[in-house]
Amino acid sequence: MSEGFDLRRIDRRIIFVLVLVAVVWPLIAPLRLPMDVSPPVQNLYNTIEEIPAGSIVMLAGDYSPDTMPELQPMTDTFLRHAFRNDLRVVVACLWPASPPLVERALLPLADEFGKVDGVDYVNLGYMAGGTVTLLGMGASIPNTFPSDYSGTPVREIPLMQEVQNFDDIAFVMEISAGTPGTREWVQQVQSRFRVALGSGTTAVGAPNFYPYVQSGQLVGLLGGLKGAAEYETLLEYPGLATKGMDAQSVVHALIVVFIILGNVAYFAARRKGRA
Amino acid sequence: MGTLIWTTIGAILTLSVYSFLYKDNPFYKFAEHLVVGVSAGYYLVIYYYNFIDPNVVTPVFQLRLGDQPIGFGSGAWWLALIPGLLGLLLYTRFFPKVAWVARWSLGIYVGGYAGLGISPVMQARVIEQIGANALPLTSVTNVLIVIGLLGTLAYFFFSMKHRGILGVFARTGIVFLMVGFGASFGYTVMSRISLLIGRVSFLLHDWLHLV
Amino acid sequence: MRREIPLAITFLVGLFMLVDFFVPHHSVSAAAEEMKQWGTIVIAASILLGVGNLIRVHYRKIRRKQDGWGYSITTLVAMSVMLYFGGPWGTIAEGSAFNWMFLNMQVPLQSTMFSLLAFFIASAAYRAFRLRSAEAGLLLVAAIIVMLGRVPLGQLLTRGLPEKATLPWLTETIMTYPNMAAFRGILMGAALGVMAMGLRIILGIERSYLGGEK
Amino acid sequence: MKRTWLTFLAAAAVATSLLGAAVAQEAAPVVEEEVPREDVPLDTVAPAAPGALTARDYLDSNDAGDKIELDWELSPDDGAGSCDVAGYFLWRSRSASSPGEIVAELPSGQTHYVDRNLEPGAEYFYSITAFDGTNESAAVTCAPVAGRVNLFQTSRASILALMLVFFGLVLVFTKLAERGDELFVRRIPGLNAIEEAVGRATEMGRPVLYVPGIGEIDNIMTIASLTILSHVAKITARYETPLIVPTARAVVMSAAEEVVKQAYTEVGQPDAYNPDNIRYLSDAQFAFAGAVNGIMLREKPAANLYMGAFWAESLLLAETGFEAGAIQVAGTAMVSQLPFFVTACDFTLMGEELYAASAYLSREPKLLGGLKGSDWMKVVTIALVVLGAVLNFMGFETFVNWFRTQ
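So the sequences go chain by chain: A, B, C and D. Under the numbering used here, the very last position in the first sequence is 275; numbers go up by exactly one each time. Under the numbering used here, the very last position in the second sequence is 1211; numbers go up by exactly one each time. Under the numbering used here, the very last position in the third sequence is 2214; numbers go up by exactly one each time. Under the numbering used here, the very last position in the fourth sequence is 3406; numbers go up by exactly one each time.
I should point out that these hints are in silico values taken from the structure, not numbers from a laboratory. Model, not experiment: these values are computed from the prediction. Don't be surprised by glycine CBs; every beta carbon is placed ideally from N, CA and C. If a hint is listed, it holds; no wrong ones were tucked in.
Listed next, the stretches of chain C that the computed footprint assigns to chain A, with coverage defined by at least 3 CB atoms under 8 Å from CB atoms of chain A:
no., stretch
1, 2113 to 2123
2, 2140 to 2152
3, 2155 to 2169
Bound conformation, chain A alone (with noise of 0.2 Å):
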């Protein structure tokens, strides 16, 4: 085979540089590409809206550090939606790192909203037992989360003068990376409690929990980083999320161009090596 002029043996460097490029661009300028809204995100949303202003929800927090990259967002944009609608948030974790990558979305968020810690949101933290800790909460939540994360007895806390037990939260969003998680939010408090819930999870996670969209159980899904996009443009507040899923939508793209023009080079080549 003849080697001519060689787009074929481009020097990879180029491409890495591109690809870096499509990467950081999107990242700090994004791009907005339009995105479609499936179904289930846009049910999430439209429940969220109908929620009386006032009205106190909840944040279950069910992930770790290593699933950051794709649930918080889902965080961070969920308590926007809530402080955004003026609803009251109750945090309420069964996974012992979620705490403070709640906090991480929280505090800000409550600033830029001017929202009062104890009044307008609190932190319950973090509870072991999983399902039992669920059961528990169907009885009393004070009484199962003792005090807030920062230590306040639950008593001292204005907001929680207010909830007794799941009649009192309009909506649970619960961001779930594994177990306990969705699944024990849907058999032990949604099928008994009747309460109304959402969920985002992992990519990977999502199809397991596809079937509680249909039966009604879940009014809503969010799945992987994808799911938080959606949920940004519904809010339209693109942020990491989106940002994320324009830099996966070009660096797949730029990757395709890079297979068309290798062909293109390929067969330029051959045909000069048959001329």
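Please arrange chains B, C and D on chain A, whose structure you already have, making use of the hints.
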């Protein structure tokens, strides 16, 4: 301040690794040798604390003092001596006269896991697959699955030349294999790019506060 | 004798573990469980063999002043520091120096090396996906469809087409049917290979892993 | 460990579904109960005790004798009478004299329970009471019972049957091969590539790199890799080409040392063996991959052979190797990594080919017999799939169900 220093160290190490994309260079060499050293120390310590200490050292030395057994061995304390001894036997290879004893440990280990592996593999990858693939050939997709499976199996047929009907099946198998490989490749791109996005946002967000 | 004893051990242990799968009797499963734990301890105990090898190779490199011997010092120092912090006088708990070094050096270095794959997957695609033959064409087309179908861009490109012509639908279909059929076939074939190999190990026919005769 | 988890999960699943069913059934009374919370005077009357309780060994021949199945009749106040039974307490004890402890709290309407994780073969005394939220009824007891230990798990019969068929096929063909029957085995293209690659490294005066994967030695892929390594080492010994073997597991390293040393001795080149070339690098996946990349760029092997179990590091190695200009041959049964080896290497042994390679290389009749046995097992498998499909089509599902194991 402390966080900034550690983040900066993390960022410099990250950039050192990326410099490899340009070409091999002292920064990459340093990072590479550093991580090898750190991980060697890490695993040595972790293996001791996680396996040797609770399952050999503690039961053997504490039970003689009359304490309760700890670790996963529920049996007598001398049971904990056996794995300890098997572990030590590995080191006989440094003494030529008894070096062959090291094979005992290896024999137990490899033999055990060979036996352990056979039945679950038979169950999960053969028996249950027969059940899962014996689909009523009533839909296009079911036919597709059964033909794909039979073709791929035919490709892995070693004791006959791939001619005639076997050849047809084997070629069908190759078609399925190629589509499968291409699809898996494309499917993986997404997760690899998100790793890169994660690292880049560490650099831009956590370190430089640009994003 | 030197060969027979280990082979006999292999046979007995292997057979016992094979039988364990079919016998729910608690004494059998308890013994099997115990032996599995022995295995993990043998592996844990072996780490010193590996680290010993690492030290020897780098020490010789330094002594002979071979190319890059300076980096070998990095390795040995990094290891010694970890051992110092994690030794009997140190602690490995959260917040300890040992844990800090792990979290701030090993973890970022490893995840960055992992992320190099994003670049390599692009260069591999560029180079390898050529229409050399019909089969290579299938590889290429499947890869492109799935790559586009997984991102919002793919949705955009085929927006408005009937559902069964959209890229996300095609992606889903390729992953669920041809891809799955092919991988099931590979796994089934490989399973037979594993079982045949396992049987040979237990019967002592396959013994190259035990090394020399003497 | 795994078994315990599975049992636990199964128990959790059963318990949840029972509870779920109970909740669904009892939805109306539960709501009703909440309204009169303050208006009704305190309930001081205990519900009537449940009817006869029976306990017996869990009737499943698969268990380890650690489960007991219990049935009882509803309390007359459950769903009828004063209609105030909230649930039942199940008590368990090792002696007849004390009621022991509560092992389960069961919703009203339920008449069945399986108690798990008991000591196999030990005798237990059970009793049951009904409660209404404040009061508990008198206890109903039954005769002591013990779990019966089983020796064979019948739900796994199909596995044993096919396994015996398979072992039989392998042994028959091995015997035939030993008797001297000529067994045909088709060429495996990747294998010739290994020899060519080593040959080219020799011509260029550069080393050969052999990566046995990052699997532990209990991984059958690693064992197959060591067999191929022995073959490769014999070639490099003959050509006096350096052979570098980086490993990620200490035991694999020590086994590789033995294998290579032995190969060099067999070929009559014991002095050419260099212990510094068999290296342990790191248990950490990407530390290992990074260090192997370093070897590729600095020691410039002309042939890279990747045989064994690989995970995400596969493409990291294969792309760097390609850039360094080496001939590359890979072999693995990790389906998730095959696409990357196929695209980045010159040849790839796919799946079963890796295992077949060791048999093919040795040309030992015993190993070839195993290969033939596997092939015939494939025929059996294909036949079963086709038969199953046909029977399924005709509506006989028993046959297929036999292959649904536990």
